[in-house]
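For the first sequence, counting from 1, position 180 maps to 179 in numbering that gives the first Met the number 0; every step adds exactly one.
Warning: the hint list may mix true and false statements.
Beta-carbon label-pair distances, calculated as ranges [as the list claims (entries may be wrong)]:
| id | residue 1 | residue 2 | range |
| --- | --- | --- | --- |
| 1 | Asp452 | Leu123 | 22 to 28 Å |
| 2 | Phe636 | Ala459 | 53 to 59 Å |
| 3 | Ala323 | Tyr518 | 34 to 40 Å |
| 4 | Thr162 | Glu666 | 41 to 47 Å |
| 5 | Ala197 | Glu466 | 34 to 40 Å |
| 6 | Thr176 | Ala72 | 35 to 41 Å |
| 7 | Glu606 | Gln457 | 51 to 57 Å |
| 8 | Ser97 | Pro297 | 32 to 38 Å |
| 9 | Leu583 | Ala323 | 22 to 28 Å |
| 10 | Ala459 | Ala197 | 25 to 31 Å |
| 11 | Ala72 | Pro297 | 25 to 31 Å |
The calculated SDA-like cross-link candidates involving lysine to any residue, where the alpha carbons are at most 20 Å apart (straight line), are [what the hints assert, rightly or not]:
| id | residue 1 | residue 2 |
| --- | --- | --- |
| 12 | Lys159 | Ala201 |
| 13 | Lys173 | Phe157 |
| 14 | Lys227 | Glu124 |
| 15 | Lys406 | Arg527 |
| 16 | Lys414 | Ala504 |
| 17 | Lys159 | Ser444 |
Quick caveat, the hints were computed from the structure, so don't treat them as lab data. A virtual CB, placed ideally from N, CA and C, is assigned to each residue, including glycine.
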Amino acid sequence: MDERTIVVRPAPPGERRATGTRLDYAAALNPAQLAAVTHRQGPALVVAGAGSGKTRTLIYRVAWLIENGVAPASILLLTFTRRAAEEMLGRVERLLGSAAARAVAGGTFHSFANLVLRRNGSVLELRPNFTILDSADAADALNLLRARMGLGSKDRRFPKKGTLAEVISMARNKCRTLEEELQADFPHLIEHGAAIAALAEAYQGYKAERGLLDYDDLLWRLVELLEKHQPTRERLSERWRQIMVDEFQDTNLVQARVVRLLAAAHDNVMVVGDDAQSIYAFRGANYRNILDFPAVFPGTRVIKLEQNYRSYQSILDLANAIIARAPEKYAKTLFTTRSGPSRPLLVRAEDERMQSRFVAQRVLELREAGVALEEMAVLFRSGFHSFDLELELQRRDIPFVKRGGLKFVEAAHIKDVLAHLRVLVNPADAVSWLRALTLLPGVGSRLGAALVDRMVAQRAAPGAIAEQAALAGVKAGPSRDGLRRLGELLAGLAQSRGRPAEKLAQVLEYYRPLLRDAYPDDFPRRERDLEHLHNLAERYRSLEAMVAEMVLEPTADAVAGVAGADRDREGILTLSTIHSAKGLEWRVVFVIWLCEGRFPAAQVVDEQALEEERRLLYVAVTRARDELYLSYPVYMFQRAQGYTMSAVSRFVAELDPEVLPAAMLEESEDEAAS
DNA sequence: CTTCTCCCTGTTTTT
DNA sequence: CAGGGAGAAG
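Using the sequences and the hints given, assemble the complete structure.
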């Protein structure tokens, strides 16, 4: 049964040509793709099923526009990650055999907003050196204000800082009032409604005074800029006369508004998406954006891409069966001409160890059979689901990278280092100040906050922190010594004309002793991360760009595992959350932990969220080209109850065994011996 | 009053 | 495994 046959697949047509000739679009694309690529003007909605050549279509579209006289600089390509945009534009460049594509603007909504606001923010009285807060920074700021306002100091049931940040952010992403948001998603917090509202208002003021923008502000201030300042709107709309948005099903209402406003002058918008792959409702995305697009842009041309070029038909049958029950959608059924010997398989393992051993062993067998490690991936619902597997892979010396889970720049020690640089860029950045100050021995939240307030009120230069501390009455002692060293560091950096990487190196030198004190157990691992950070810094020419982009575009590498500086994945297996696997594909895919409580996740109860989990599984299985394994352990360990019997995921249980045959694992003689 | 330390808990997904 | 809470120490 493991006899693997060689499958001859047609190579994707096109993507190479002699210079000087025009691309042969009709030969390279199917009729639906061609229609999208050569769409003249006005709004268009491309409903693109998984693996239907969506990216390819966008690439050819950009090339076609350029070949037909559209200036590259007037094309805007909004994608889900910067990397997606860069990869696409790189391919356009190869396609056209010229560097023209480099002038195309591309990136995420947030990074686009960042650039526009830095250049045009003055009409909003926004300083160009504003700091961007990530969700953890936002939560910290809220917590500071909560303490100051004396809210929930005694009440144990008062929401934690992360929850507060989530409520406030969700309301803004869904264009709701706080009351509406609490009613809809946090009914158990309604009793704290007034306190949360007061906090939200204080938070707005706090950010405005200190030049701080959180993720939501980036989008909302852009909307404000475009809505309230007609000349700016017209200028920007004229500048980008061709707008393309990828993964439109994962945009939220604010982003949809940005699109509407940006296209005000011409309506030349092409959005591409798949309602069946909408998996970001939890952060406010609304796949209705796709369903409603034709109403928002009258005269929209709708083009459906249904032919799948990725997966075997047996895998698509499974995908179609999974999504068949979704209640509201653009009806479409994926089909392909690809068929092969293997079918998806449901694998029942005794327990988690067994599941891990199965994956590791199968990966090795496949590698023996000629499938390179980078052509395989293991996908899961949540970051921590792969912990046991990671140990097993390490034990067997199988190299892997993990995508998703805790991000590199979210690790405490990385944030510590960056805080020093952020203070340099924006001396009013109270959040970063507090972080840097409380690292010092003898400086806690109280003294730290007092010093920050003083620095901001006095508009003092960062290097003046020690003098300001003395003026504030800090007595000589360990805290004064620390503050003096911090002041010397910052004063030196403010003077320095060095590159960002050189400044970072100085911060690292200062920070290393603090790191060793703070993490006596595992500072070596963290020091390696700092090395990696230093390598990343080499790419940037300006400090401002570096600190902004590190927040907006965190590198996909997780902290754990090999935080390798090299980015090529040759000979490396991929482990990934399904969310981070979006848009990618592999020859062989394993999806693990398909049991109730894990997938769907335990905390998911309401209908809408369950539907999203279903779509998530759909995304997972459509990542596979040739082979697909879904697995789950029969017994799972839960700390509270010990070993319990698990139930297979409802999404799998309801499927016809025809589309997903089941198998179980048995301990064989030689395996038991090893 | 402030900071430090130790123990507890409870873990989705991400710009 | 980190973030928060409680209690001890400065």
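**Prompt:** Which of the listed hints are broken here?
**Reply:** 3 and 13
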